[in-house]
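Participant: If you want the building blocks of each chain, they are given just below.
Number of protein chains: 2
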Amino acid sequence: MPTDRYRIHPGAAVDLAAHDPDDRALFDGTRDDAEAVIGAQTKRLEALQELLYAENQHKVLIVLQAMDTGGKDGVIRRVFDGVNPQGVKVAGFKKPTPDELAHDYLWRVHPHTPGSGEIAIFNRSHYEDVLVVRVHGLVPADRWQRRFDHINAFEKLLADEGTTILKFFLHISKDEQKARLQARLDDPEKHWKFRVGDLDERRRWDDYMAAYAEAIARTSTRHAPWYVIPGNRKWYRDLVIGRIIVATLEALDMRFPPPEIDPRSVMVE
Amino acid sequence: MPTDRYRIHPGAAVDLAAHDPDDRALFDGTRDDAEAVIGAQTKRLEALQELLYAENQHKVLIVLQAMDTGGKDGVIRRVFDGVNPQGVKVAGFKKPTPDELAHDYLWRVHPHTPGSGEIAIFNRSHYEDVLVVRVHGLVPADRWQRRFDHINAFEKLLADEGTTILKFFLHISKDEQKARLQARLDDPEKHWKFRVGDLDERRRWDDYMAAYAEAIARTSTRHAPWYVIPGNRKWYRDLVIGRIIVATLEALDMRFPPPEIDPRSVMVE
Numbered sequence: 001m002p003t004d005r006y007r008i009h010p011g012a013a014v015d016l017a018a019h020d021p022d023d024r025a026l027f028d029g030t031r032d033d034a035e036a037v038i039g040a041q042t043k044r045l046e047a048l049q050e051l052l053y054a055e056n057q058h059k060v061l062i063v064l065q066a067m068d069t070g071g072k073d074g075v076i077r078r079v080f081d082g083v084n085p086q087g088v089k090v091a092g093f094k095k096p097t098p099d100e101l102a103h104d105y106l107w108r109v110h111p112h113t114p115g116s117g118e119i120a121i122f123n124r125s126h127y128e129d130v131l132v133v134r135v136h137g138l139v140p141a142d143r144w145q146r147r148f149d150h151i152n153a154f155e156k157l158l159a160d161e162g163t164t165i166l167k168f169f170l171h172i173s174k175d176e177q178k179a180r181l182q183a184r185l186d187d188p189e190k191h192w193k194f195r196v197g198d199l200d201e202r203r204r205w206d207d208y209m210a211a212y213a214e215a216i217a218r219t220s221t222r223h224a225p226w227y228v229i230p231g232n233r234k235w236y237r238d239l240v241i242g243r244i245i246v247a248t249l250e251a252l253d254m255r256f257p258p259p260e261i262d263p264r265s266v267m268v269e
Numbered sequence: 001m002p003t004d005r006y007r008i009h010p011g012a013a014v015d016l017a018a019h020d021p022d023d024r025a026l027f028d029g030t031r032d033d034a035e036a037v038i039g040a041q042t043k044r045l046e047a048l049q050e051l052l053y054a055e056n057q058h059k060v061l062i063v064l065q066a067m068d069t070g071g072k073d074g075v076i077r078r079v080f081d082g083v084n085p086q087g088v089k090v091a092g093f094k095k096p097t098p099d100e101l102a103h104d105y106l107w108r109v110h111p112h113t114p115g116s117g118e119i120a121i122f123n124r125s126h127y128e129d130v131l132v133v134r135v136h137g138l139v140p141a142d143r144w145q146r147r148f149d150h151i152n153a154f155e156k157l158l159a160d161e162g163t164t165i166l167k168f169f170l171h172i173s174k175d176e177q178k179a180r181l182q183a184r185l186d187d188p189e190k191h192w193k194f195r196v197g198d199l200d201e202r203r204r205w206d207d208y209m210a211a212y213a214e215a216i217a218r219t220s221t222r223h224a225p226w227y228v229i230p231g232n233r234k235w236y237r238d239l240v241i242g243r244i245i246v247a248t249l250e251a252l253d254m255r256f257p258p259p260e261i262d263p264r265s266v267m268v269e
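Which chain is which? The protein sequence lines are A and B, in order. Start counting the first sequence at 1; every next residue gets the next number (this note's numbering). Start counting the second sequence at 1; every next residue gets the next number (this note's numbering).
No more than 27 angstroms apart at the CA atoms, straight line, and that leaves these computed lysine-lysine pairs for DSS-like: (1) A:94 with B:156; (2) A:193 with A:174; (3) B:95 with A:156; (4) B:156 with A:156; (5) A:89 with A:156.
Sample of chain B residues facing chain A (criterion: CB under 7 angstroms; computed from the structure): (6) 103; (7) 110; (8) 116; (9) 157; (10) 158; (11) 160; (12) 161.
What the hints contain is simulated information worked out from the structure, not anything from laboratory work. For every residue, glycine included, the Cβ atom is placed at its ideal position computed from N, Cα and C.
Go ahead and model the full structure; you've got the sequences and the hints to work with.
Facilitator: Below is the structure:
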């Protein structure tokens with residue numbers, strides 16, 4: 001599949017500097033051409049999601065991770081534009097509450113995993129517990145190091161019990177982040193998205209890249225692959241992610257369930 | 001520790017027929033003597049649970065599994081008699097709801113795991129998904145076979161993140177179950193506990209013993225050991241379980257947290 005270009009193979013080393021955030025190898029048209037393709041893909045995704053919901057067999061989990069301004073909200077808005085919210089649930093994971101911190105770090109995540117017929121989208125996820133937690137030294141190294149095994153086992157459980165998992169790292173350059181943060185400062189309607197803490201995190205860019213590289217390398221598995229998506233061009237990012245999701249749902253080979261009885265035998269009075 | 005007698009060592013084969021449900025090797029007094037010891041143990045458990053709650057560091061998970069009439073309810077009532085319900089939570093797991101069945105089998109369990117300072121008691125547990133599910137063929141064998149790995153990984157996650165886990169199989173003989181079921185039929189105040197389905201399950205006794213033996217053998221780990229407790233004598237069962245729990249809590253070497261300020265410097269007006 002052409003989208004394999006961005007898939008991280010199990011056991012492969014990851015050097016994010018070698019992944020070009022401006023790559024556009026899978027599409028050689030203009031941005032307008034891309035928008036038309038994205039629109040068609042979204043229609044197809046809508047139909048596939050309805051089928052998933054009707055068949056009520058498969059569960060789908062989509063994990064989105066990125067640096068600030070990386071485009072997680074944008075992907076959710078654009079790629080899932082028009083799908084039925086009844087079968088698609090977005091869960092966001094911000095700073096944990098005291099009650100969440102009193103439990104293991106998957107405790108707050110597990111309840112939001114999808115049920116049969118559902119798509120769950122994680123806007124940030126359990127990966128924060130090997131990213132922000134590592135970069136800020138919130139728990140000792142020997143503790144977060146063990147988490148890669150926990151996470152792989154957790155995702156294996158979900159996969160064995162019927163969940164299809166896709167994980168996307170939206171990869172932007174440090175310069176692109178600068179431009180997007182500045183845009184938030186310049187636009188009064190985007191001020192609400194700007195937090196001073198974002199600048200602190202930006203100063204730790206290299207630490208985050210190292211943490212992402214190790215997390216992605218250690219947890220990209222056959223049952224829960226990571227994709228490193230070029231993120232500098234929003235339209236390209238949305239096009240590629242949409243294409244991967246559509247191809248993955250197509251491969252499930254879903255069918256509408258048979259009617260309970262022959263519909264021709266029923267007269268609605 | 002003398003209670004190691006009933007602990008299943010990691011990797012050891014389990015033959016339940018070789019475990020005598022009438023064993024009473026750890027206590028040579030009378031039943032009255034035992035009641036006095038149980039009373040003292042319960043007082044000690046009360047104090048340890050208060051300390052656990054105050055220190056707010058450790059989490060404790062106790063899993064109880066048994067055949068019908070095996071004594072799960074009795075253990076909860078007797079061993080935890082008098083502890084503060086604020087820090088001790090009992091979760092029972094019966095036939096799953098449709099919403100629970102739409103998710104992986106640990107989905108309904110995870111939310112009930114203990115937080116810091118808490119003791120959680122599972123009255124039945126995720127082990128039903130390799131016991132009743134196996135005996136009744138509710139999922140194919142290749143699916144429940146994978147669950148031993150999931151369960152070990154799940155319990156490893158909990159342990160790595162600060163949970164002390166104890167798992168008890170209350171081991172009664174088939175004759176003892178017969179007597180207890182008959183007692184339920186004979187006592188109008190116990191009729192509510194009798195279900196006709198219990199007799200179906202009783203007919204599958206040997207299948208259950210095989211399922212328990214494999215489950216215990218494959219999931220007794222250093223971080224989450226199984227204990228096979230002689231269950232025919234209720235007082236002996238309660239005495240041994242209480243002793244194991246008290247010894248485990250003692251070994252945590254807990255301390256009351258230091259006061260925020262020197263209490264002698266405060267005058268309450």
